[in-house]
Structure formats: C-alpha cells, structure tokens
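Student: Residue strings, one per chain:
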Amino acid sequence: MQTLSRGQRLKLADLGLPNGNFSIKLECNNAGLTIDSACFGLDAARKLSDERYMTFFNQPASPCGGVRLADANRFEFRLAALPGSIHALVLTLAIDGNGVLGSLGNSRAQIVDDAGQVVASFDFSGALFKDERAVMLIEVYRKDDHWRLSPVGQGFNGGLDALVTHFGGEVASSAPTSAPAAPSAQTAARVSLDKRIEKEAPHLVSLVKKASVSLEKAGLGAHRARVCLCLDISGSMHSLYKSGAVQKFAERILALGCRFDDDGEIDVFLFGANVHQPDPLGIGNNRNYIESLIKKYPLEGDTRYGRAMQAIREYYFHKTPATGPQQIKKADTPVYVMFVTDGGTADQPLTERLLRESSHEPIFWQFMGIGKGRKSKSKALSFFSDSNFPFLEKLDELSGRLVDNAAFFSVEHPEEHPDEALFDLLMDEYPEWVKLVRGHGMIP
Amino acid sequence: MAISLQKGGNVNLSKEAPTMTKMIVGLGWDVRATDGAGFDLDASAFMLNASGKVRSDADFIFYNQPKSSDGSITHSGDNRTGAGEGDDESIVIELGKVPAEVERIAVSVTIHDAEARKQNFGMVAKAYIRCVNAAGDVEIAKYDLSEDASVETAMIFGEIYRNGADWKFKAVGQGFQGGLGPLAKNFGVNV
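Top to bottom, those sequences are chains E and Z. With our numbering applied, the first sequence corresponds to residues 1 to 444, in that order. With our numbering applied, the second sequence corresponds to residues 445 to 635, in that order.
Bound conformation, chain E alone:
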C-alpha cells in the first residue's frame, strides 16, 4: 500500500488500477462536524457544465454509471464509462452547519481496488487546513490519454457555495442571460433545498430521488418549471380525500416540484363550482396539508374545468403580453399543471377554447382522470372499453392548437401506480412539449 501526500501526482496505472475500476473510501474523524461528500465531474475548462455529474446523496450516480455513491462514505468509479466530455472528477468534502476543517481529526481516504485491496491511502487532518469549510480532497483526471490521481487537499473558507462557484464560474456577473452561469447557481440552490427536505420532510427524500430518476430518463435532469397542482373538490372525491389518497398524491407532485423548482413549493388550485387558491404546498407545511385544506374549503357540488383553467392562466400569464405573429407569450420557466379530476365538466366549450388559447403560452396541462378510462396504463383496466372520460380523451387530441399542450391518462385509484411508474407517466408527453414550445420561442 502506498501513502499519498498532498500535492502528489501519479498515474492510476502506477497504483495497479489500469482499467480505472476502483473505489475511494472516506473515513473522516469528524470531531463533531457534519461533513457531506460529493464528486464533481468537470469538463475540459474545469467547470461543472453538466450538473448531472455532481454525484452526492441526492443524486447518487452519474447518468453513465461511471461515478456512484456506493454507500455513505464510498464512491465507486468506472472511468471507462465516462463520456469524453468529463475531464476530471473531484472528490470534495463540505461542512454542513458550523465549524471549520482545521478542527478535523485524523482522517483518511483510501483507494481500494475491485478485489477490496487498499492500494493507497491519503491521510489528512485539520493540520492541513485552517478556516476552510469545503475542500477538494482528491482529484482523478485525464492527462495524455491516461487517468491520473492527485490528493489536492485545498479548499475554501466560503464552504460549498465557494466550491460550486469555483466549478461554475461567477454567478451572473456578466449578462443575466449567460447560460453557463445558471447551472452552478442552480446546483447550489438544489443542494440547499435537498438539505431542507432532509431536515423538514425526511419522508419525501426517497420520493424526490425517484422523481429525479424519471426526469433524468426523460432528459430533463436540469430542466426548470413551475409546478401547479389543480385538484377537483367535487363531492364525488370525498372518499379519496378522506382516505388520505389525495394527500399522498399531492406529496408525489410536491416531490416533482422539488426537482423542477428550487423553492420547495408548488402552487395549488381547487375547483368545484368555484375556484380557490390556497397557500402553496411546501416542504414546511406538507404534513396534513390536504386535511386542513378540506376543512377550509368544503367539497362542492359541481365540476368546472374551464373556470379552474382560466384562473390558472390568469395567475401565471395575465401580465405577460402576447407577441409575434402567433401571439405567443414568453416566460423564463414553463408551467407544469397536474390537473386531477374524477368526472366530466359542465363547461366543455369554455374548456376547449381555453386549451386552444393556452397553446400559445408556456403552460402544459397533464390531466389525470380517476375512474375507468381507455387511456389507463393498468392492464386490468385496459379491458374496459367504456370510459368515464370521453371528454378528457378528446381534449388530449384536440385540434386547432399551436402545439399539443395536454396529456391525459386515467387511473382507477391515485395510488394505482408505484411512485417510479407514476413519475414516468407524468413525463410521457411533457418532454416533447418542452421541445415544441422552445422551438416557438416561448421558453429559452
């Protein structure tokens, strides 16, 4: 076993790791500090240009599988799997909360081959640091067709934010439209949001991870959108509210919102005969949110999609002027509306008109019908030829729109699909719509 020193540089092949398959195992003597580890995959300019290559507890593997957080303190590497765009992997430590790395006890990072043999160890402690709150511990990088490794052991007093800035360039010091600066700011925001979720709503952590996986699959890992949950409060929904099924469903949509957005909140609209907009559903208030909602807004005796859609459009776009020959409206981030109902609507013509009109706005309508429908993904239900939702099925295919801005599926029960399958369903048509509205210049 080789002992590594800070600043040393060596070929991985010289450590007996010619194929680039190995792990780095961290043993930190925290001395009361809370320390998070992350691995940043950097491009040739040493920037995190693709934030999917930041591997940490909430994004435990890179898309290619080349970097994986195998367990809390072990990163597993398969360097051959990495795309050519990734030039360096930097394993970092950052303090969460108070303290400085100068008070770190005797710690080590061990390089372990696939047979479990420790081939090298970088021993470090607070003596190497002072007031740093985040450090680049070890870097694995490409040089002349070889992978090399160096214990860097240098960091920043500014903690994780400074680290992210280091890997992402200045945050919006140039023009606000400069695209490369955005991911790093986003990454920092996402990390802090993930910490809030862990602290305030730990029951959502695995849901958020599952939502991440579906978004990655849909190619929307770094996509931003505002999420709106629109719930039917007609009387027939009673048992679903009462059983907690709506609450559970709302939590799943909140998890999606936590990946599309960094504020940890989603907007909520309720509709029956009338439309209500209660406080947003967020990480801080999600427990019993639906129960308290229904106390405040009793179920109503009618179902009018159109009115709800009108209120939602007004909320997001009433101040946005329509421009261009197609009278489109533009926004920095699109709106994803999760529209949940268990029956037909009394205002079909209005609904159709609004759906056509809103096809000129960056707003996507994902309808979910609770009941029997031909658009059910459940095998059991697909045998039924009759449907509770002929109108929603028509909306899904409605003519006269600038882009296809709606999707529909039905479920027998809101919990019919496991989380993963539900998130996949929610991303069935949306990615295509994103491409279309971007093509029309509605979103950047």
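Check each hint, because a few of them may be wrong.
To be verified - When the alpha-carbon atoms are kept at most 20 Å apart in a straight line, the in silico DMTMM-like pairs for lysine to aspartate or glutamate are as follows:
no. : chain 1 : residue 1 : chain 2 : residue 2
1   : E       : K11       : Z       : D501
2   : Z       : K612      : Z       : E583
3   : Z       : K612      : Z       : E538
4   : E       : K143      : Z       : D474
5   : E       : K130      : Z       : D557
6   : Z       : K570      : E       : E139
7   : E       : K47       : Z       : D479
8   : Z       : K570      : E       : D144
9   : E       : K47       : Z       : D474
10  : E       : K130      : Z       : E547
11  : Z       : K570      : E       : D145
12  : E       : K143      : Z       : D557
13  : E       : K330      : E       : E357
14  : Z       : K570      : Z       : D588
15  : E       : K394      : E       : E352
16  : Z       : K570      : E       : D43
17  : E       : K330      : E       : D261
18  : E       : K195      : E       : D161
19  : Z       : K451      : E       : D14
20  : Z       : K562      : E       : D96
21  : Z       : K562      : E       : D123
22  : Z       : K451      : E       : D144
23  : E       : K199      : E       : E265
24  : Z       : K451      : E       : D145
25  : E       : K319      : E       : D404
26  : E       : K130      : Z       : D479
27  : E       : K11       : Z       : D484
28  : E       : K372      : E       : D396
29  : E       : K435      : E       : E216
30  : E       : K242      : E       : E291
31  : E       : K209      : E       : E352
32  : E       : K130      : Z       : E591
33  : E       : K143      : Z       : D588
34  : E       : K330      : E       : D404
35  : E       : K47       : E       : E198
36  : E       : K25       : E       : D36
Claimed, not checked - Stretch by stretch, here's where chain Z covers chain E in the computed footprint (C-beta under 8 Å, at least three residues):
no. : segment
37  : 120-134
38  : 187-200
These aren't lab readings, by the way, just hints derived from the structure by calculation. Just so it is clear, CB atoms sit at the ideal spot from N, CA and C, and this is done for glycine as well.
Chain Z: place on chain E using the hints.
Tutor: This is chain Z only, laid out in the frame that chain E set:
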C-alpha cells in the same frame, strides 16, 4: 510557433533564433485559487562550470543578488515582460556576455517558507518556464511542468547550456528536497 517541450526535451536556441543576443527566461504559475497562504515562488539561476558547480557565490543569482558580477545575467523579479500572458518572474541572459567557463545555467524555482506553509509544487497549478527572444518578444520554447511537479519544494525548471558554439535549452523538471538552501549548497554555493 513556439516549441512545446516535454520533460527531458531540448531545443537548440541558436538554430531557432540565430540572431538572438538577449534571452528572457520567463517563469509563471497560477495564483492560488483556494484559500490559505498564497504561493510565494522565487526564481534563481546558477552559473555552472564543467563540473556542475558555481565558480563562486557570485554565480548564484537570486532575489538578494539580482545581477551577476559580469552583468550577463539579471534577475528581473516581478518585472513583467508584457509578452503573452505575462510571466511572474524572469531572468534575463545576455548570451554573448556569459563567460566561457560557464557551461550551463540552471534555472530553478523554490517555494518560500514551504515547510511552515505545508506547500509543495504539486499544489501549484500551471507552472511553466519559457524562453523568449528579447528582440521582438518572440517565444522560442515553453515547458509546462505542472504534471511533472509533485511533493517537491524546490525544482530545477530548466537549463541553458552550451553545445559546441550553440546554446541549447533543456526542460529539466527535476525536484529537489529541502528548498533553496540545500539546492544552492548542491551547486557549490556557501550558504
């Protein structure tokens, strides 16, 4: 187009720049991007005879003795040439004035206070040495030694040496344990 040298590689300066009389040896490195004590790097030059030693302490050119007694070598400290991205330190050699007994000139860089600051060359990014023809600020050769530097605190970056009637430059990139004092002693300087 300047020649990019690898460790151990050399270039014939007299062939690349036949009319050159004054050469600037530029040395550079990236400013420390991380927090902690900055990297204070010092360049020095040793005028060596055929046995690889200085003739006297006067042949050791460094920040406290910035000019050789014959005037052939000058340490310009922070004087930036303005060429390229700007060197951090430079050493100017008037080739015609270099005494005949001086066979080679070793150019080294040491990290000031490295031990106390727990620093080494592996922590310094983008260190290089380059040879520039002072006439017209034309770069002849450059050696980027980042990947060849590791846990050393003193390094010989390069050597200018005689080859018959020609001057050549070699990319050395060799570390030396212990810093400037032991390095100077190694070349026969009484420190």
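Student: Confirm or reject each hint.
Tutor: Checked hints:
no.: 1; hint: K11(E) - D501(Z); verdict: violated, 40 Å
no.: 2; hint: K612(Z) - E583(Z); verdict: holds, 14 Å
no.: 3; hint: K612(Z) - E538(Z); verdict: holds, 14 Å
no.: 4; hint: K143(E) - D474(Z); verdict: holds, 18 Å
no.: 5; hint: K130(E) - D557(Z); verdict: holds, 17 Å
no.: 6; hint: K570(Z) - E139(E); verdict: holds, 16 Å
no.: 7; hint: K47(E) - D479(Z); verdict: holds, 19 Å
no.: 8; hint: K570(Z) - D144(E); verdict: holds, 16 Å
no.: 9; hint: K47(E) - D474(Z); verdict: holds, 17 Å
no.: 10; hint: K130(E) - E547(Z); verdict: violated, 46 Å
no.: 11; hint: K570(Z) - D145(E); verdict: holds, 19 Å
no.: 12; hint: K143(E) - D557(Z); verdict: violated, 30 Å
no.: 13; hint: K330(E) - E357(E); verdict: holds, 14 Å
no.: 14; hint: K570(Z) - D588(Z); verdict: holds, 7 Å
no.: 15; hint: K394(E) - E352(E); verdict: holds, 9 Å
no.: 16; hint: K570(Z) - D43(E); verdict: holds, 17 Å
no.: 17; hint: K330(E) - D261(E); verdict: holds, 18 Å
no.: 18; hint: K195(E) - D161(E); verdict: holds, 14 Å
no.: 19; hint: K451(Z) - D14(E); verdict: holds, 19 Å
no.: 20; hint: K562(Z) - D96(E); verdict: violated, 26 Å
no.: 21; hint: K562(Z) - D123(E); verdict: holds, 14 Å
no.: 22; hint: K451(Z) - D144(E); verdict: holds, 14 Å
no.: 23; hint: K199(E) - E265(E); verdict: holds, 15 Å
no.: 24; hint: K451(Z) - D145(E); verdict: holds, 17 Å
no.: 25; hint: K319(E) - D404(E); verdict: violated, 24 Å
no.: 26; hint: K130(E) - D479(Z); verdict: holds, 9 Å
no.: 27; hint: K11(E) - D484(Z); verdict: violated, 28 Å
no.: 28; hint: K372(E) - D396(E); verdict: holds, 16 Å
no.: 29; hint: K435(E) - E216(E); verdict: holds, 16 Å
no.: 30; hint: K242(E) - E291(E); verdict: holds, 8 Å
no.: 31; hint: K209(E) - E352(E); verdict: violated, 36 Å
no.: 32; hint: K130(E) - E591(Z); verdict: violated, 27 Å
no.: 33; hint: K143(E) - D588(Z); verdict: holds, 13 Å
no.: 34; hint: K330(E) - D404(E); verdict: holds, 17 Å
no.: 35; hint: K47(E) - E198(E); verdict: violated, 27 Å
no.: 36; hint: K25(E) - D36(E); verdict: holds, 13 Å
no.: 37; hint: 120-134; verdict: holds (count 6)
no.: 38; hint: 187-200; verdict: violated (count 0)
Violated hints for the displayed structure, listed by number in ascending order: 1, 10, 12, 20, 25, 27, 31, 32, 35, 38.
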